[in-house]
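Asks: Sequence:
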Amino acid sequence: MFGTASDQRQVNVPASEAWKVYGTLELARLAQETLPQWFQKIVVVEGDGGAGTILDIFFSSGAGLTSRKEKFTVVDDERRVKEIEVVEGGFLDMGFTFYCGRLEVIENEENSCITKATIEYEVEEDFVANASFATIKPLVDIMDAAANYLEKK
4 MFGTASDQRQ VNVPASEAWK VYGTLELARL AQETLPQWFQ KIVVVEGDGG
54 AGTILDIFFS SGAGLTSRKE KFTVVDDERR VKEIEVVEGG FLDMGFTFYC
104 GRLEVIENEE NSCITKATIE YEVEEDFVAN ASFATIKPLV DIMDAAANYL
154 EKK
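Take my numbering: the last position of the sequence shown gets the number 156, and nothing is skipped along the way.
Hints in this document: simulated from the structure, not taken from any laboratory. Each residue gets a CB set at the ideal place from its N, CA and C atoms; glycine is no exception. Treat the hints with caution; some may be incorrect.
Said to hold, decoys possible - Here are the simulated distance ranges between beta carbons:
(1) E29 / E127: 20 to 26 Å
(2) D96 / G65: 27 to 33 Å
(3) T100 / N15: 38 to 44 Å
(4) Q43 / D80: 27 to 33 Å
(5) G53 / N111: 36 to 42 Å
(6) I139 / T76: 15 to 21 Å
What the hints assert, rightly or not - Below, computed lysine-lysine pairings styled on PhoX-like, alpha-carbon distance capped at 20 Å:
(7) K119 / K74
(8) K140 / K119
(9) K155 / K72
(10) K23 / K156
(11) K72 / K140
(12) K44 / K72
(13) K44 / K140
(14) K44 / K74
Model the full structure from these sequences, guided by the hints.
Replies: Structure, rendered in structure tokens:
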């Protein structure tokens, strides 16, 4: 079974300013500092924030998962797109064969942009019931935290 979900937010800063957070490791730092309900600790295992960077994500006890490793598969500064694939643990331990998140910063007006988050996943047929655990909520919370940070900056 294949599934997808997405959501977006308007942020009252230029897209170039938002990408300085979204396109770097700053977003992981911000998520860890401002979203303790989701993230206990985020560790950079390898890389500098570009494609190929691997993060070890440790979730808070109420998040429903314990940990997973994510790899940045795309960090496109021109299109302002970052794609992240789960490569170990997390949903992969629950019968998912693929779990990917995409973050985009879209130019809107001179001092405004749209941030968009999308998840895509595939679940083995025997584990279809686990598809209900796939949620866009953590990425939406990250977008909200980033919007608050950027607009106050």
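Asks: Failing hints, ascending?
Replies: When the structure is compared with the hints, numbers 1, 2, 5 and 9 turn out to be violated.
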